[in-house]
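Protein chains: 4
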Amino acid sequence: MDLSGVFPALTTPFAADGSVSLADLKHNLHRYNGTDLAGYVVLGSTGESVLLSREETDGILATAKEAAGPEKKLIAGTGAESTAETIERTKRAAELGYHAALVKTPHYYKPMYKPEVLIAHYRRVADNSPIPILLYSVPQFTGVALEPPEAAALSEHPNIIGIKDSSGSVQRVAEVIAAARPDFQVLVGSASTMYPSLMIGARGGILALASALPEKCVALYHFARRGQPEQARELQQLLVKASKVIVSEAGIAGVKFVMDQRGYRGGIPRLPLLPLTDEVKKRLIALLAALEPAVARA
Amino acid sequence: MDLSGVFPALTTPFAADGSVSLADLKHNLHRYNGTDLAGYVVLGSTGESVLLSREETDGILATAKEAAGPEKKLIAGTGAESTAETIERTKRAAELGYHAALVKTPHYYKPMYKPEVLIAHYRRVADNSPIPILLYSVPQFTGVALEPPEAAALSEHPNIIGIKDSSGSVQRVAEVIAAARPDFQVLVGSASTMYPSLMIGARGGILALASALPEKCVALYHFARRGQPEQARELQQLLVKASKVIVSEAGIAGVKFVMDQRGYRGGIPRLPLLPLTDEVKKRLIALLAALEPAVARA
Amino acid sequence: MDLSGVFPALTTPFAADGSVSLADLKHNLHRYNGTDLAGYVVLGSTGESVLLSREETDGILATAKEAAGPEKKLIAGTGAESTAETIERTKRAAELGYHAALVKTPHYYKPMYKPEVLIAHYRRVADNSPIPILLYSVPQFTGVALEPPEAAALSEHPNIIGIKDSSGSVQRVAEVIAAARPDFQVLVGSASTMYPSLMIGARGGILALASALPEKCVALYHFARRGQPEQARELQQLLVKASKVIVSEAGIAGVKFVMDQRGYRGGIPRLPLLPLTDEVKKRLIALLAALEPAVARA
Amino acid sequence: MDLSGVFPALTTPFAADGSVSLADLKHNLHRYNGTDLAGYVVLGSTGESVLLSREETDGILATAKEAAGPEKKLIAGTGAESTAETIERTKRAAELGYHAALVKTPHYYKPMYKPEVLIAHYRRVADNSPIPILLYSVPQFTGVALEPPEAAALSEHPNIIGIKDSSGSVQRVAEVIAAARPDFQVLVGSASTMYPSLMIGARGGILALASALPEKCVALYHFARRGQPEQARELQQLLVKASKVIVSEAGIAGVKFVMDQRGYRGGIPRLPLLPLTDEVKKRLIALLAALEPAVARA
Chain A
1 MDLSGVFPAL
11 TTPFAADGSV
21 SLADLKHNLH
31 RYNGTDLAGY
41 VVLGSTGESV
51 LLSREETDGI
61 LATAKEAAGP
71 EKKLIAGTGA
81 ESTAETIERT
91 KRAAELGYHA
101 ALVKTPHYYK
111 PMYKPEVLIA
121 HYRRVADNSP
131 IPILLYSVPQ
141 FTGVALEPPE
151 AAALSEHPNI
161 IGIKDSSGSV
171 QRVAEVIAAA
181 RPDFQVLVGS
191 ASTMYPSLMI
201 GARGGILALA
211 SALPEKCVAL
221 YHFARRGQPE
231 QARELQQLLV
241 KASKVIVSEA
251 GIAGVKFVMD
261 QRGYRGGIPR
271 LPLLPLTDEV
281 KKRLIALLAA
291 LEPAVARA
Chain B
1001 MDLSGVFPAL
1011 TTPFAADGSV
1021 SLADLKHNLH
1031 RYNGTDLAGY
1041 VVLGSTGESV
1051 LLSREETDGI
1061 LATAKEAAGP
1071 EKKLIAGTGA
1081 ESTAETIERT
1091 KRAAELGYHA
1101 ALVKTPHYYK
1111 PMYKPEVLIA
1121 HYRRVADNSP
1131 IPILLYSVPQ
1141 FTGVALEPPE
1151 AAALSEHPNI
1161 IGIKDSSGSV
1171 QRVAEVIAAA
1181 RPDFQVLVGS
1191 ASTMYPSLMI
1201 GARGGILALA
1211 SALPEKCVAL
1221 YHFARRGQPE
1231 QARELQQLLV
1241 KASKVIVSEA
1251 GIAGVKFVMD
1261 QRGYRGGIPR
1271 LPLLPLTDEV
1281 KKRLIALLAA
1291 LEPAVARA
Chain C
2001 MDLSGVFPAL
2011 TTPFAADGSV
2021 SLADLKHNLH
2031 RYNGTDLAGY
2041 VVLGSTGESV
2051 LLSREETDGI
2061 LATAKEAAGP
2071 EKKLIAGTGA
2081 ESTAETIERT
2091 KRAAELGYHA
2101 ALVKTPHYYK
2111 PMYKPEVLIA
2121 HYRRVADNSP
2131 IPILLYSVPQ
2141 FTGVALEPPE
2151 AAALSEHPNI
2161 IGIKDSSGSV
2171 QRVAEVIAAA
2181 RPDFQVLVGS
2191 ASTMYPSLMI
2201 GARGGILALA
2211 SALPEKCVAL
2221 YHFARRGQPE
2231 QARELQQLLV
2241 KASKVIVSEA
2251 GIAGVKFVMD
2261 QRGYRGGIPR
2271 LPLLPLTDEV
2281 KKRLIALLAA
2291 LEPAVARA
Chain D
3001 MDLSGVFPAL
3011 TTPFAADGSV
3021 SLADLKHNLH
3031 RYNGTDLAGY
3041 VVLGSTGESV
3051 LLSREETDGI
3061 LATAKEAAGP
3071 EKKLIAGTGA
3081 ESTAETIERT
3091 KRAAELGYHA
3101 ALVKTPHYYK
3111 PMYKPEVLIA
3121 HYRRVADNSP
3131 IPILLYSVPQ
3141 FTGVALEPPE
3151 AAALSEHPNI
3161 IGIKDSSGSV
3171 QRVAEVIAAA
3181 RPDFQVLVGS
3191 ASTMYPSLMI
3201 GARGGILALA
3211 SALPEKCVAL
3221 YHFARRGQPE
3231 QARELQQLLV
3241 KASKVIVSEA
3251 GIAGVKFVMD
3261 QRGYRGGIPR
3271 LPLLPLTDEV
3281 KKRLIALLAA
3291 LEPAVARA
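Just so you know, the sequences run in chain order A, B, C and D. Under my numbering, the first residue of the first sequence carries the number 1, and numbering increases by one thereafter. Under my numbering, the first residue of the second sequence carries the number 1001, and numbering increases by one thereafter. Under my numbering, the first residue of the third sequence carries the number 2001, and numbering increases by one thereafter. Under my numbering, the first residue of the fourth sequence carries the number 3001, and numbering increases by one thereafter.
Just so you know, the hints here were simulated from the structure itself, not pulled from any lab data. It should be emphasised that the depicted structure is a prediction, and the values quoted were computed from it without experimental measurement. Where a beta carbon is used, it is the ideal one built from N, C-alpha and C, also for glycine. Check before you lean on any hint, since a few could be wrong.
Label-pair distances were calculated between CB atoms; the ranges are [said to hold, decoys possible]:
no., chain 1, residue 1, chain 2, residue 2, range
1, D, GLU3088, C, GLU2156, 56 to 64 Å
2, B, ARG1225, A, SER19, 47 to 55 Å
3, D, GLU3116, C, GLU2292, 30 to 38 Å
4, C, PRO2158, B, GLN1228, 51 to 59 Å
5, A, SER248, D, ILE3285, 37 to 45 Å
6, A, ASN128, B, GLN1261, 30 to 38 Å
7, D, GLU3088, C, THR2277, 23 to 31 Å
8, C, HIS2099, D, LYS3110, 26 to 34 Å
9, D, ILE3285, B, SER1248, 38 to 46 Å
10, A, ASN128, B, GLU1156, 27 to 35 Å
11, A, SER248, D, GLU3088, 36 to 44 Å
12, C, THR2277, A, GLU88, 32 to 40 Å
13, D, GLU3116, C, PRO2130, 39 to 47 Å
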């Protein structure tokens, strides 16, 4: 299973009463289907998965599967704190037709999660999963990082096909690629470092920013693949700024607000995440205006 | 509601098939009832609450309530990532007769959890809770700390009665006490710093170690309260060592193993937490042998 | 050599032209001689030692020795990055009549300064020093901490008599005391945690705050020693606040400014350290006004 | 002044009696003169500058100037903790004919070194320097990082021409380039990230590894410049591994040992830095054997 390309980490739209809006999710997917995105990641960190109930996640998985274009690859976020629950969620995603599962590290008991504990967890999940596993290291949220030696050890498992590394460290990406099985696929989790990461061997990215600016993220991927270093460098510099302001500073609420400005259904996040202040909204609108020509060019 | 004294953070016993053993939980509570523990914390971090299903937590809450001695104060851990779910769990605990709720900080989207977000979250939970709220800051697990200014601001809410601070920082305990409402109750989350914390104004502790060594933890509390600095200092030094080896190094599996050695039903933790190696078990047995005379004296 | 009690970490006064003012230094020492301070630490971190030339440090060491009351213990800061230079500075301090040397960890090549490197460094310094060595761990400045096992190993050296631990962690103080030779002397480096640290076995403190508020720091020491927990707790709470505002927030410039307000010669620090803004000065004056009654009582 | 290309951060050779060996330094420079290195950085972190006396640094600066090929650019490390001393050292380097000064951040009083303090320091140094200033941010040694906004503000100074960023973060390099004056030159401080950094706009690198493996570092630079992505990626992967083992793990002693294996005069570092153990030496020899064919090809 080839994961090359750009995948948006989908957001979860909420209706005015706070419930999940599956209609808005469908709307977004139908628009994304018209782009060159390689597929979709459903119920990742950007999808507010940790704020959803079991019933809600089932509805989202089923709806996204149904609305996705037939050529799009579908990856479900299934990582839970407990090994058993992770396996259960992964099996459920497989039943619903997902092609792969993105499994974030368990993280609550972090002083106890030594390398051997994480390796045992992932091996057990991979042994019991009907679909391929993509490791997911996202230390800015979890406080736990999968280090290159662990990724390399896990790359030997036949049912573990790659890793989404959201550390933002290009050096770590290079170290994982150097240490892992040659066909192990590394995807980055941040638009800010996609181009340099592609140049040292990453296959693509799973990006929150691609939910709001899919065309630009795809364009960067293509510039890198087609050997257009000048264009790639220029666009990467734009995305460094966009990613910082939209994703790092404004967070999920920022991604959703930019989606609203661009014809998607973003809405506001679920509590305790707060909606944006007017000041931040103004900054984002100004940023978008500055980006537009570049977006259009891309 | 006065929270002075020592509360164990109860463990969750599992049966051989991996299910929760409510019978073992009862056994433990009946033994604890004979001590001078001030009450019990059910479903805290030590209770592996993040590894349990909704059905399991309901059974544990009901069983602990039923088995606890009538004079024991009952505190339920109810913090979830979502504000709405935290409120729901808190209401459920209140219905079951719990006296207070221990609410850990949300933590997954940590770069977004600025002070104002945490304050809004706790105010909303406290506004909607039928029982008093105890804040819970446990940065070693969550990567999020409630700083003294936030604790002080929240101490003004009539339904927020105190904080469990597990940072291990005596200075932070002093700063919270200095900044908060005078009747705001600070409990420490680590046996290693209980005595010095009591000397600068903490009310007591919620301790994993008290699940394994309740008598010693209670004795330390009494030495501090009765003005016996020599005995307190000596016992504190023992507990620094015991807490380091049992709780910090061996973790929940360590607490449970020591419980097994002392007539409680500890058992093994749930995956991804691994059982102890034989080497660690030997260290714990040696430690216990060294502690025994002191335990007996206490 | 008994290091019990309170030592100020002396500041270095500068004249209007930026040169060291030995006259002002003498003035300060003559005033301090009238207090119950146990002695003086010359050329510590608060003394801006890293901003001084070799000639300047020689002048300061000689002047402080000459101006200090005969019963005061004299400790010279002699830690340099190079082992050889540390030994040379220590010998120089001994020649000038200093009773002990305070040796901070080397810190520039921190990824290389593994425990065995630090231990070898200190052993070599202690082997070659004519006067007893006091270890100095100050991670907030150096990024390097002497952990309890290293302190314990070094406590076995006959010429290493103790440690100044400026981590601010009471638990670490307890762990060092538990692990080290019984007569190993632990002094804290922060007024914020002196009382709880004394209660678990520290001998005293080397405090920047004692350069500005020597009487209060000494009073806290006496309350702890004489078993007056209520007074100690109340005064400790005041010093938590004073230490935070004066030392942690305003830094060396803050200590010097408060000295100026209290009849000492503080002045301004050397560049790159900047003088205080008017806003910070106002905060410090307000703080002092609030402290005065308590200072007078002490 | 154009800083494009690869500069080795020169080591300082010591004679058997521990004194600086200027003869060995000359030997090394004569060999380096035959490579395509752009110039030399003298008295950087790799040069053990913090372990040298004033007399030693003068001798090294003069000798390197004399031995360097006429077309090589010469950069002197002149950063000291004190602003005045930094200016003095910078003037001295200018007198000796150095083309630029590399000025690391002051770092001891790190809690006080807010952005405005660092900016004021660098402006004062640049105002008083006869030669252009290259900022130097090396948080792994100093615990202080120059953030992109500070670098951007300082890039406006006419006498500040660039920055050596040793953070290892490609994203930070991209952010500095995006924020700074267009002709501001960014050089990386680590071979591990040179290729991806060049692709997003860095001008070159100042590398410890280039003291031991100059040809390979230069080859990577050329592959990147000439648009040979396959060769660049392959060589970068090799250098990720080499840099990790030689520079990050074995440190200055490791760089010097590899120099010894390759006909340079490395020797051992000064205390407190320890010489390599035999085990590490064996690892380095094995690594070199694996690299040789690639070195030869480059």
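**Message:** Taking 56 to 64 Å as the stated bounds, is the beta-carbon spacing between GLU3088 (chain D) and GLU2156 (chain C) within them?
**Reply:** violated (43 Å)
**Prompt:** Okay, HIS2099 (chain C) versus LYS3110 (chain D) on CB: inside 26 to 34 Å?
**Reply:** Hint holds: Cβ distance 30 Å, inside 26 to 34 Å.
**Range agreement (Cβ of GLU1156 (chain B) with Cβ of ASN128 (chain A), hint 27 to 35 Å)** = Distance hint for ASN128 (chain A), GLU1156 (chain B) is violated at roughly 50 Å.
**Request:** With respect to the beta-carbon atoms only, verify the hint that SER248 (chain A) and GLU3088 (chain D) lie 36 to 44 Å apart.
**Result:** holds (41 Å)
**Prompt:** Do the Cβ positions of GLU3116 (chain D) and GLU2292 (chain C) conform to the proposed distance bound of 30 to 38 Å?
**Reply:** holds (32 Å)
**Prompt:** Could one say that the CB atoms of ASN128 (chain A) and GLN1261 (chain B) fall in the range 30 to 38 Å?
**Reply:** At 34 Å between Cβs, range holds.
**Prompt:** Has the hinted range 39 to 47 Å been met by the Cβ atoms of GLU3116 (chain D) and PRO2130 (chain C)?
**Reply:** holds (44 Å)
**Request:** Could you say whether the range 38 to 46 Å given as a hint is met by the Cβ separation of ILE3285 (chain D) and SER1248 (chain B)?
**Result:** holds (40 Å)
**Message:** Looking only at beta-carbon atoms, does the pair ARG1225 (chain B), SER19 (chain A) fall within the given range of 47 to 55 Å?
**Reply:** Between ARG1225 (chain B) and SER19 (chain A), where Cβ atoms are some 51 Å apart, the hint holds.
**Request:** State, for the Cβ atoms of SER248 (chain A) and ILE3285 (chain D), whether the hinted interval 37 to 45 Å holds or is violated.
**Result:** With Cβ atoms ~44 Å apart, the hint holds.
**Asked** At the C-beta level, are PRO2158 (chain C) and GLN1228 (chain B) separated by a distance inside 51 to 59 Å?
**Response** violated (35 Å)
**Request:** Given the hint of 32 to 40 Å, check if THR2277 (chain C) and GLU88 (chain A) actually sit that far apart at their C-beta atoms.
**Result:** violated (58 Å)
The structure fails to meet hints 1, 4, 10 and 12 from the earlier list, while all remaining hints are met.
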